[in-house]
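Assemble the complex: chain A is given as a structure, and chain B must be docked to it using the hints.
This is what each chain is made of:
Protein chains: 2
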Amino acid sequence: MVNYSIQLDTTFSALSDPTRRAILSKLAKGDMPILELASPFDMSLPAVSKHIRVLEKAGLLIRKKQGRVHYCRLNAKPLRDAAKWLAFYQQFWDAKLDSLANFLEDSSK
Amino acid sequence: MVNYSIQLDTTFSALSDPTRRAILSKLAKGDMPILELASPFDMSLPAVSKHIRVLEKAGLLIRKKQGRVHYCRLNAKPLRDAAKWLAFYQQFWDAKLDSLANFLEDSSK
Chain A
1 MVNYSIQLDT
11 TFSALSDPTR
21 RAILSKLAKG
31 DMPILELASP
41 FDMSLPAVSK
51 HIRVLEKAGL
61 LIRKKQGRVH
71 YCRLNAKPLR
81 DAAKWLAFYQ
91 QFWDAKLDSL
101 ANFLEDSSK
Chain B
1 MVNYSIQLDT
11 TFSALSDPTR
21 RAILSKLAKG
31 DMPILELASP
41 FDMSLPAVSK
51 HIRVLEKAGL
61 LIRKKQGRVH
71 YCRLNAKPLR
81 DAAKWLAFYQ
91 QFWDAKLDSL
101 ANFLEDSSK
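So the sequence lines, in the order shown, correspond to chains A and B. Its first residue numbered 1, the first sequence is counted upward by one per residue in this note's numbering. Its first residue numbered 1, the second sequence is counted upward by one per residue in this note's numbering.
There could be a bad hint or two in this list.
Identical copies go unnamed one by one, so any copy, or any two together, can satisfy a pair.
To be verified - The list that follows gives simulated cross-link-like pairs (lysine to aspartate or glutamate, EDC-like), each with its CA atoms no further than 20 Å apart: (1) LYS77 - ASP42; (2) LYS65 - GLU36; (3) LYS65 - ASP42; (4) LYS57 - ASP17; (5) LYS77 - GLU56; (6) LYS65 - GLU105; (7) LYS29 - ASP94; (8) LYS64 - ASP9; (9) LYS77 - GLU105; (10) LYS77 - GLU36; (11) LYS50 - ASP94; (12) LYS26 - GLU105.
These are calculated hints, taken from the structure and not from any lab test.
With the rest of the complex left out, here is chain A (with noise of 0.2 Å):
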């Protein structure tokens, strides 16, 4: 359970940069190698393999060496436990806004 919290934590974290979001969407494409994976970014080489070894960390991305490339690929496994996290609180957000509406009218009563 402490793992498994844990896991979420550094799931979550990795996912809340704009760049690593970018990264994982390119990667649903297909394995790609380092240089291709940083080009269209707008930052330098080191900070793009910054965000790699945070999603590496987190285990979203898995790099091999194959001779002299690096690559990468998505490895989706983790997302799986944070989308069910998630999943619990559907029945919330399909409440209607009526509860909320009502909640904040009272508020300024």
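Below, chain B alone, put in the same frame as chain A:
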């Protein structure tokens, strides 16, 4: 699109802490005065209040004052976009482990 991305940053960041997730989980049971919400956590009231403010800023918690009591309510709507973002990756976490094993095997050659 930019706003959508910023909201995702804020939502995922807010969810990357176990205390904040626990607060949302408590609020899923119903609206709650801040003091009652804070009581089970092994930290000071100012520390819990800081987490509550992060959730409030992320739009995941709404606060209202009723008389002298501050009530909190869950607002799950921002979680919907986070869940939508994650849902795209379902096709990958359902992918066979064989594919990953092959990828890793290749890299050891």
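Hint-by-hint comparison with the structure:
Proximity of LYS77 to ASP42 under the C-alpha cut-off of 20 Å is found in neither arrangement, the shortest distances being 28 Å within a copy and 32 Å between copies. Taking the shortest Cα distances, LYS65 and GLU36 sit within 20 Å of each other inside one copy (14 Å), while across copies they are farther apart (53 Å). Taking the shortest alpha-carbon separations for LYS65 and ASP42, neither the intra-copy value of 25 Å nor the inter-copy value of 45 Å comes in at or below 20 Å. Taking the closest pair of Cα atoms, LYS57 and ASP17 come within 20 Å of each other both inside a single copy (15 Å) and across two copies (17 Å).
Within a single copy, LYS77 and GLU56 get their C-alpha atoms as close as 13 Å, which meets the 20 Å cut-off; across copies the closest is 30 Å, which misses it. Proximity of LYS65 to GLU105 under the C-alpha cut-off of 20 Å is restricted to the inter-copy arrangement: shortest distance 11 Å between copies versus 59 Å within a copy. In this assembly of identical chains, LYS29 and ASP94 lie within 20 Å of each other by CA distance solely across copies; the values are 16 Å between and 31 Å within a copy. When the C-alpha separation of LYS64 and ASP9 is checked against a cutoff of 20 Å, the pair qualifies neither within a copy, at 25 Å, nor between copies, at 28 Å.
For a Cα distance limit of 20 Å, the shortest separation of LYS77 from GLU105 across copies, 19 Å, qualifies, whereas the shortest one inside one copy, 43 Å, does not. In this assembly of identical chains, LYS77 and GLU36 lie within 20 Å of each other by CA distance neither inside one copy nor across copies; the values are 24 Å within and 36 Å between. Taking the shortest Cα distances, LYS50 and ASP94 never come within 20 Å of each other, neither inside one copy (38 Å) nor across copies (28 Å). Proximity of LYS26 to GLU105 under the C-alpha cut-off of 20 Å is found in neither arrangement, the shortest distances being 45 Å within a copy and 23 Å between copies.
Taken one by one, the earlier hints fail for this structure at numbers 1, 3, 8, 10, 11, 12, listed in ascending order.
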